[in-house]
Amino acid sequence: MTEIIHDVPAGRVGVIRDSAQSTPAGLFRRIYDILTRSPIGTIGGAILLTWTLLAIFAPWVAPYSPTKIDPELIADPYPSAQHWLGVDHLGRDILSRLIWGARTVLTVAPTAVLGAVILGTFLGLLAGYRGGIVDAIIMRVGDTLLAFPKIILYLIIIAKFGASAFNIIAVITLSSAPIIARIVRGVTLDIKNRDYVAAARMRGESALFIMFVEILPNARGPLIVDFFLRLGYTTIAIGVLGFLGVGLPPPTPDWGGMVKEAYGMIFVWPHMTIIPSLAISSLVIGANFLATGLREASLDG
Amino acid sequence: MLRYSAKQLLNMALTLFAVSFLVFALNELSPGDVTRKILGPYASQSQVDHLTREMGLDRPAIVRYFEYMGRALTGDFGDSIYYRQPVSTLIWDRLGNTLLLAAISFAVIVPLSVLLGVLAGMRERGWFDRAVSVFSSMCASIPEFAMGVFLLGIFVVWLGVLPGTSPLRADSGWAIWMQFVLPVLVVTFYDAGYLIAMVRSSMVEVMRQPYIRTALLKGNSFRNVVAKHALRNALITPFTVILLQLNYLVSGLVVVETLFAYPGFGRLMLEAALAKDIAVLEAGTLIAVSVTMLTQLFGDLGYMALDPRIRV
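If you read the sequences in order, they're chains A and B.
With the first letter of the first sequence counted as 1, position 73 gets the number 73 in my numbering; the numbers rise by one all the way through.
With the first letter of the second sequence counted as 1, position 83 gets the number 83 in my numbering; the numbers rise by one all the way through.
Next comes chain B alone, as it looks inside the complex (with noise of 0.2 Å):
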């Protein structure tokens, strides 16, 4: 297992590695757009010039790049133009509350999303099988905007019962947990969706199993067999799933932040696009992209804990 991780480690750095030079390439060849953007349209072309030879920016691009990978292994990113202050400072917080709705969430969706995908499927096409499948099938198919508009339709507008909002500042109207309800609820409705799906059909295939056929024949409760034999192999091929979820929760949560102006890493990253934010922008993909491969590899050493089977 310590040399599969290893691998593995190994495996990610090389990916990491391909991901930056990508990101740095397709921002970087063109050096004059960051001086240009600084200095505003009214520059002149030869302050343009002199800025970008006062920054640097002139050498080769490859040399660039592996003083910007020097220095991001320390955890500085660099300025952003955008919101003129060092990147580091920026992400680090904003991650932080995103990592705190995903936490909030994925506490939420994981035990529903088993419990209703356990129930439906141990009892392949009854009544509850078939209203959670069609309950499931929904939620995934409304988009996050659609359900945020659906939700702040009925509990804000109408009820008045929930904030719109959630700046998570005090000084809003609102308690902090009662900005958290929505955003949460929009999440949860959408990635429970598909959980949910994928728990059941995975349900559905062990308890077609002739395992389960004897066990329930030999006169053990439904319950019990459920229970004791299914239960345990019904949730490992979600669990990579699960723990893949996690990658949606870090970058995917834009939709949600931008819905109640929450202060979180998708947003950033989609202002830091939208105003060519350079820095910002390199640095995110790095951040989430590390994220994807960090799961991955829990995912594969949990799923070797929970089958013994597995063997690499």
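In isolation and in its complexed conformation, chain A is listed as follows (with noise of 0.2 Å):
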């Protein structure tokens, strides 16, 4: 679980602002413009579209109850006119788990993405606007959080706390504040000292506006490229943990813990550990693809 610390070319984060995009509408323009240019984009984009429908319509998509054992089909376990990617151990169909996992995954990481983007942008938007001893208080605890390898603090919490869904969004949640806070703040020391800034405080503004609405939005571009990174690094973190037997607890279908389940039987039937390895491999591409056609695009201006 690599983690990406990009800081922000300070000279780039200006540039975003004045173009057409002030309005929800030219967002849309946007984003519709880049996906058709970038080629990589477009198909993250679409990857990551089709799970998340499979994901959203699973009770009407999945041909089969997720968790329901049947003994007598791990006769014959493989692909088959009825069962199309097969039955696993207990006789559960395969796509069937796969569809409900990707709801259970595509909950889970990106409430957690999203919850460290709300923390992280907060403070760093107050570390950076306020400076002084709030700034050096909020970065050295993010420091200290960083210091721990980011495993470690997953198995640190998991033993006191256990293993649940809220857990594992807590850890993420804290453990990627502090790199968005880095983000953000460094936008915000460039953005804080321009005119329009200056001209907020005249006005009598009060900090929180000037800090959400003048200095934020510069921060844009940057959170956007990295909501889908972190989304794509989640999505693997979650994989891991329910690999090493400390994610979602059993009869939740989890894509790590499919493969954690039937890795014992790899010799015998293959299909069983593969076939999950693929989906949640796909659905990190596409997060990953995405972010990249994203950076690009917005690099272009």
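Simulated from the structure, these hints should not be mistaken for laboratory data.
One should not assume that every hint holds.
[Said to hold, decoys possible] Facing chain B, from chain A, some residues (calculated, C-beta under 8 Å): (1) Ala159; (2) Phe267; (3) Thr273.
Where a beta carbon is used, it is the ideal one built from N, C-alpha and C, also for glycine.
Reassemble the complex: the two chains are provided individually, in unrelated frames, and hints are given to aid placement.
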């Protein structure tokens, strides 16, 4: 679980503000432009969209119940006309488990990343805009959290509080927020001495207004790219936790957990581990390709 | 530079102090847990209380914390309640195995990423650049356990040319060096994917600089410009990132170690977490955090040595 800590190049952040995207329609137009211009971004977006739709419509799309055990099917667990991707070691339909598993990961991962973005944005704005002791404390606490190797932070929390969706979300939020805070702080430091911020201060706007309305929009570009990159990493993290047996508790269909459960049987029934491994890889590739496309487009201006 | 190092070391000690206190507080605020764990679920409450008193766990947490740190500084981390041996013997042995795997992987990853990253970045948006970018992005996107499953499927299940487990014992039927092939491959794919992208983007950045264009227009050969003018500057930024990979290689190997039953540090931490073996978890966290901070320090020092413009 490597982590990208990218600093925002100072000269570039100003560019994003003046274009036509201050309205929601403008933003969508721009996303549309980006997607049609970058083939990699388009592929990534399509993969992500497919999994999202499958996750949303899981109850109607999944051919079987993801938790229904049928011991008779284990005699011939391979893909067939009834079970397109075969069944697992307990006779559960793999396709149905994948579709419901998409729902799990696409609920937990975006929630965790969104939590980290909200917390990190707030702290980053505060640290950058206030400066001084507030800045020192926030960044110091963040550095301490970052000093923990991520996986060890998970293990400590899980040893203490047990594995649950909430704990996974909390841990990811805590360990990603300092990095996002760093990005937002960099932008804030660059922007806060511009004339229009000074003008807002002269008008007597509150600090909150200046931070969120005047400064924050400048961080939108880097934050959107970071969101999709982080979505990929978080998906990997959730998969890894499942694979290590410290993820979501068992009956929940979870891709990492599926790999773990069938891993011992890879010599007998390889499809039970290979198929969920392909699923999780495709989702992460989708998120990373989309992030690459967005970044290329935003650098081109 | 000396003053800087001293300042950083002090900073490190403070962070380490904060981290150790956090972990200690999280785990030891409820001392009944440890004794209950030792005695098992059928012990009576009075037995638990008795042992708690005997082990001195009823004293204030802050006193026990300083006692613990005092002993930890001399290398004594207490006993593991799960493995029933001193934590120090257990942990150094496992850490040695992990460092060996990390060192071999590192020796493969770094030259590979630098080579591919530089070759891709020197002609931005050329066909080789495109190919390498897609390749590295794919590698970084496939979780280690998934990559492990794919490689295992090909080389062990299908072709049968490599061992599927790496317990590092000679009696397992496979030569020791062969037991390293798959773990190193899995780590390399995942980590190189990320590093190649770093080196490439740094190289692209450097090749856009005016001085490169000047050097080319003066009639230098492309090769010469890349080797003599671009390379050194392009490797400054990735240098720190490369060093930071050491952190990942110390604790992040837990997945690979679990995949291949490799007796390493990460798996020890996982087992300790599952067994709620607090003494091992605490010691392991302290060691892992120390490694993180040391690599950061070396990263900063190396950064200054590489780039004479940076002074602190």
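Given hint A:Ala159 near chain B, where the shortest CB pair must fall under 8 Å: Cβ of A:Ala159 sits 4 Å from chain B, so the hint holds.
Have a go at the A:Thr273 hint: is there a Cβ in chain B nearer than 8 Å to its own Cβ? holds, 5 Å
Hint A:Phe267 vs chain B: min CB-CB distance below 8 Å? Because about 6 Å separates A:Phe267 from the closest Cβ in chain B, which is inside the 8 Å limit, the hint holds.
Of the numbered hints given earlier, the model fails none.
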